[in-house]
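Engineer: Next come the chains, spelled out residue by residue.
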Amino acid sequence: MAFAPLDPVLHNQLRLAIASLLVGLDGAEFNFLLEKTGATRGNLSAQISNLKDAGYVEVKKSFKDNYPNTRCSLTAKGLKAFETYVQAIKEYLGTVEG
Amino acid sequence: MEQELTPSESLKLIETMIGQAKSSFSRISFYFLMWGVLLLAAMVTAYLMRDAGNAWAHGAAWGVAGVLGGIISPIFGFRQGKKEQVSNPMDRVVGWIWGAFVITMLLMMFSFTGSGRNPGAAITLLTAMPTFLTGQIMRFKPLIFGGMLFWVAGLVMFFSGNDTVIVSAYCISMVFGYLVPGILLKRQEDGLRTA
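Going line by line, the protein sequences match chains D and W. According to the working numbering, numbering within the first sequence proceeds without interruption in unit steps and concludes at 98. According to the working numbering, numbering within the second sequence proceeds without interruption in unit steps and concludes at 195.
Just chain D, same shape as in the assembly (with noise of 0.2 Å):
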């Protein structure tokens, strides 16, 4: 049987990681991501890039209390292939486990 083959964008942890905070929620800062996915910041911050320039997240930034300040939120099309991404998964680990 041949499967799906996964969204190499959302086929990495951190990436990965950053989409599943997002997805349950209407947004999030960078130090909020920064704090539950444990990375650093030059890389979390390149990959809400790599993220964005696929569409996947919008990125705001503004300004709080006079310090920079970044806002991410999943996209509707980052929603969509988070979706299909999971419903992949589940499909590979059902037939492997069933």
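A portion of the hints provided could be inaccurate.
Said to hold, decoys possible - Simulated crosslink set (BS3-like; lysine-lysine; CA at most 27 Å straight-line):
id, chain 1, residue 1, chain 2, residue 2
1, D, K77, D, K60
2, W, K186, D, K61
3, W, K22, D, K90
4, W, K12, W, K82
5, D, K52, D, K77
6, D, K52, W, K12
7, W, K186, D, K52
8, W, K186, D, K60
9, D, K60, W, K82
10, D, K52, D, K64
11, D, K64, W, K22
12, D, K64, W, K186
13, D, K52, W, K82
14, D, K52, W, K22
15, D, K90, D, K80
16, D, K52, D, K90
17, W, K12, W, K83
18, W, K82, D, K61
19, W, K83, D, K64
20, W, K83, W, K186
21, W, K22, D, K61
Worth flagging that the hints you see were computed from the coordinates, not collected in a lab.
Keeping the supplied structure of chain D fixed, place chain W upon it in accordance with the hints.
Structural biologist: What follows is chain W alone, placed relative to chain D:
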């Protein structure tokens, strides 16, 4: 976080992260603690003033508590909103539930007092609903039990004709429905440091 993922690792990661996001609620323990203290103080003051023979003095305790809480709550909410790192849709649901509660409670207060009836038992029964629902949404058992306690206290207040029993039922429900869950929730919030 750079290595290749197996499908089972992916699924585990997704579940873990979604679980973490779900538990990222706004800090709301302050409201339970503040309203718990204010309403408890109002009930005790009103009870102690019951023999003063002055209806205005009796109602003033509730008025002061309501006005104080009504001023402090939005100020805290505004300041807290600016600190929030996440927007959890469940926060909005909890907010709507309490907003609907406040509107219903105010309408009941005006309706009951306008027709010469004491709204205490009905409002206590009503308080059970948002407390219980907030506990269920947040999966926080002390609030679920607190909500149940308000139901029991409301019934006791409704059917009892004894002032001391009514005041005791209200105070017990306020301590174990608002204050104790508020303290426990604050501990949890301080531990999570999510907002």
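Engineer: Each of the hints needs a verdict: does it hold here or not?
Structural biologist: So, going through the hints one by one against the coordinates:
1. A hinted pair counts as satisfied when its Cα atoms are at most 27 Å apart, and D:K77 with D:K60 qualifies at roughly 17 Å.
2. Between the alpha carbons of W:K186 and D:K61 the distance comes to roughly 31 Å, so the proposed pair goes past 27 Å and is violated.
3. For the hint pairing W:K22 with D:K90, the CA-to-CA distance comes to about 21 Å; that is within 27 Å, so the pair holds.
4. Of the supplied pair hints, the one linking W:K12 and W:K82 is violated, its CA atoms being roughly 33 Å apart against a limit of 27 Å.
5. Straight-line distance between C-alpha atoms of D:K52 and D:K77 comes to about 11 Å, which keeps the hinted pair within the 27 Å bound.
6. For the hint pairing D:K52 with W:K12, the CA-to-CA distance comes to about 24 Å; that is within 27 Å, so the pair holds.
7. For the given pair, W:K186 sits about 36 Å from D:K52 by alpha-carbon distance, which is inconsistent with the 27 Å threshold.
8. Simply put, W:K186 and D:K60 have alpha-carbon atoms about 31 Å apart, too far for the 27 Å limit, and the pair is violated.
9. For the hint pairing D:K60 with W:K82, the CA-to-CA distance comes to about 16 Å; that is within 27 Å, so the pair holds.
10. As the CA atoms of D:K52 and D:K64 are separated by approximately 22 Å, the hinted pair is consistent with the 27 Å bound.
11. Proposed proximity of D:K64 and W:K22 is supported: the alpha carbons are some 24 Å apart, at most 27 Å.
12. With a CA separation close to 25 Å, the supplied pair D:K64 and W:K186 stays within the 27 Å bound.
13. This hinted pair checks out: D:K52 and W:K82 have alpha carbons roughly 25 Å apart, not beyond 27 Å.
14. Note on D:K52 and W:K22: the hinted pairing holds, with a Cα-Cα distance of about 23 Å set against a maximum of 27 Å.
15. The straight-line distance between the Cα atoms of D:K90 and D:K80 is roughly 15 Å, inside the 27 Å bound, and the hint therefore holds.
16. Restraint check: the Cα-Cα separation between D:K52 and D:K90 comes to about 25 Å, which is no more than 27 Å; the hinted pair holds.
17. The straight-line distance between the Cα atoms of W:K12 and W:K83 is roughly 30 Å, outside the 27 Å bound, and the hint therefore fails.
18. Distance check on the hinted pair: W:K82 and D:K61 sit about 15 Å apart at the alpha-carbon level, within 27 Å; holds.
19. Using a Cα cut-off of 27 Å, the hinted pair W:K83 and D:K64 holds, with the two alpha carbons roughly 9 Å apart.
20. About 16 Å separates the Cα atoms of W:K83 and W:K186, which keeps this hinted pair within 27 Å; it holds.
21. Restraint check for W:K22 and D:K61: the C-alpha separation of about 24 Å stays at or below 27 Å, so the hint holds.
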